[in-house]
Amino acid sequence: MSSETTQTTYQLPIGPIHPALKEPVMFKFEIDGERIVDVDVELGHVHRAIEWTGMRRNPIQIIYLAERICGICSFVHPMAFCRAVENAVDIEVPERADYIRVVHGELERICSHLLWAGVAAHEIGFDTVLYLTWEMREKALDLTEYLTGNRVTKAILTIGGVRRDITSEHIPKISETINYFNKNFIKLKRAFLEDKTVKMRSQGVGILTYDDALKLCAVGPTTRASGVKKDVRADQPYAAYSDLGIDYTTPDLLTGEVNGDVYDRIVTRLLEVKQSLEIIQKAIDQMPAGDLVSEPKIPKLLNYIKKTPGEGVGRDEAPRGEVIHYVKFDGENEHPYTWKVRASTYANILPWIPMLKGEQIADIPIVAASTDPCMSCTNRVGVVNNKTNQKMMLDKETLHKLSIEKTRRLMR
Amino acid sequence: MAEKKETKNTNKQLSPEEVVKYFKDEFKTKIKSSEIKKRATGLKKMEFVNIWMKIDKSIFKDFIKHLCDLTYPHLAVCSGNDLGKTIELIYNFSIYFGKNLEEISFNVAVEVPKSKPEIETICDYIPGSLITEREKQEMLGIKVIGIPDERRLFLPEDFPDNLYPWRKDKETQKGIEKLYKNLHEGKVKK
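Respectively, the protein sequence lines represent chains L and Z. Counting in the working numbering, the first sequence runs from 9 upward without gaps. Counting in the working numbering, the second sequence runs from 653 upward without gaps.
In case anyone wonders, no lab produced these hints; they're calculated from the structure. One or more hints might be untrue.
Said to hold, decoys possible - According to the in silico footprint, chain L covers these stretches of chain Z (three or more CB under 8 Å from chain L):
#, region
1, 672-686
2, 693-702
3, 711-724
4, 737-749
5, 775-786
Claimed, not checked - To list a few chain L residues with every Cβ distance to chain Z over 12 Å, as calculated:
#, residue
6, 41
7, 91
8, 175
9, 366
Note that CB positions come from ideal geometry on N, CA and C, so glycine has one too.
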């Protein structure tokens, strides 16, 4: 029994189903008292074999399959897929379609970042801020519905262009929404960035260094908050972004320094909301007239793809970072020979490990949520104490309570 | 974790043609083919560059080392194709990011025989490649030599061994079909 008495750490499994994670993923923590010593991540609980299914569908069908990979990134996945096909078999995209793609991409970013901001506020016990952010997000969703007919699965993209136009009739509603956001952004900024308690909970917590971010191939706001300038919109000319002059959003733009902590990730995302508003405004102002799609006849398009062998990659900056799709056509079949999808969270799994090491149990929800993992939630966490072999369950409410208690303690 | 390395690069930035030349000078005939694809976009018609390169398996590790020396790359993902007798792995890198509109998408393909599907790990140069290497092991049946963590990533524990979903041979197709056709086995009257 000596091994039992010398053991100083115990294991804390979190997941596969858990409140801070929007989709199932399994964490196994090695805990020493309150400190996290080691982390292991297990995936695959919601592997739906979408790529395997896609290799038995034609490219037009895949667009709608790709749209359902993720409910929040329902624009960027089909976008990356369409770009991969366009690159593989050389299909032109009309300029107007490039601009419309930008507007929808940025609108999705605003929805996603505000959703995240609400979740993050909830994790540390500020439910009033959750209501504020989600009220704002509702306006963005209303605009999405107004422009595409749907709030979530937008079905706006097609290979070689877009399916619906933005007409002069739409402009007043877009301007109205942008004005609403500009007015309310100040409120949001004050609630998040100037609040003493938010700072205490997020500064110096869940640090990801520049070197780790680069080596672990982190993407999106997670890597930019650590100072790595990596943003597909700015890195490579795609859609109309190269016309609009996009700059990298790093936290030092606002705070003058880069720490790579949770606070910096909040700063990066809020700045990006502001940036997205500017991009939408610019795209609307500069939008050229022209066609929406280069080949409107779908059977003709499919026949062309069927006959043309080629391979291509499509990259796109999703709200959470770079999304990449790889497609290969063999020139004989309508369905792609290979379709590989890499979502942004896939690349942000490994960076969780250095972020979580050394932190407290009460910090798990906010640190795990800070990379905005694209994964749903229900409520159960099991704690196994190796020393006494005693098992107890920590449910969602208890873990959430721990997090709130820490906030309240700091406020005193 | 790999040993601490200087990751900020100070080398001069090369054009796409120079990047291809750099590797061809170094590896000569071991670079099987290379192609530079450019695509213009938007109103200003700015071009984006894709480099596609096929290399021999024997120089793979050395190639990655040279790439890291040139500039520290971002590994997006490693895609794979089952080409019948061989399996092609495509490492989708991007280089020169962080400089406005100058990024190059660098796709390096390497073929391994299906009878001996082995490739060296690149986790010692790019620790972030672990996830994608683990995925290739379970989905395509690639043996990654020296991988720090060889557990499964996405597939469940009760998924049969020696069945690799992304392979296209008949045996695999039959094996997979058996898996999902038997899902409702209990309900079928015999």
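Hint by hint, here is what the structure shows:
By the rule of at least three residues with a Cβ nearer than 8 Å to a Cβ of chain L, the coverage given for the region 672-686 of chain Z is violated, with 0 such residues. Interface restraint, the region 693-702 of chain Z with chain L: holds (8 residues with C-beta to C-beta distance below 8 Å; minimum three). Counting residues of the region 711-724 of chain Z whose CB falls under 8 Å from any CB of chain L gives 1; the rule of at least 3 is not met. Judged by the Cβ-Cβ criterion of 8 Å, the region 737-749 of chain Z is covered by chain L as claimed, because 4 of its residues qualify and three suffice.
Counting residues of the region 775-786 of chain Z whose beta-carbon sits less than 8 Å from any beta-carbon of chain L gives 7, enough to reach three: the coverage restraint holds. The claim that residue 41 of chain L is not at the interface with chain Z holds, since no C-beta of that chain comes within 12 Å of its own (minimum 24 Å). The non-interface label for residue 91 of chain L is inconsistent with chain Z: the shortest C-beta to C-beta separation is roughly 9 Å, within 12 Å. Remark: the non-interface label on residue 175 of chain L is consistent with the geometry, its nearest Cβ contact in chain Z lying 19 Å away (cut-off 12 Å).
Once the 12 Å rule is applied to beta carbons, residue 366 of chain L is consistent with being away from chain Z; the minimum gap is 15 Å.
Violated hints, listed in ascending order, are 1, 3 and 7; each of the other numbered hints is respected by the structure.
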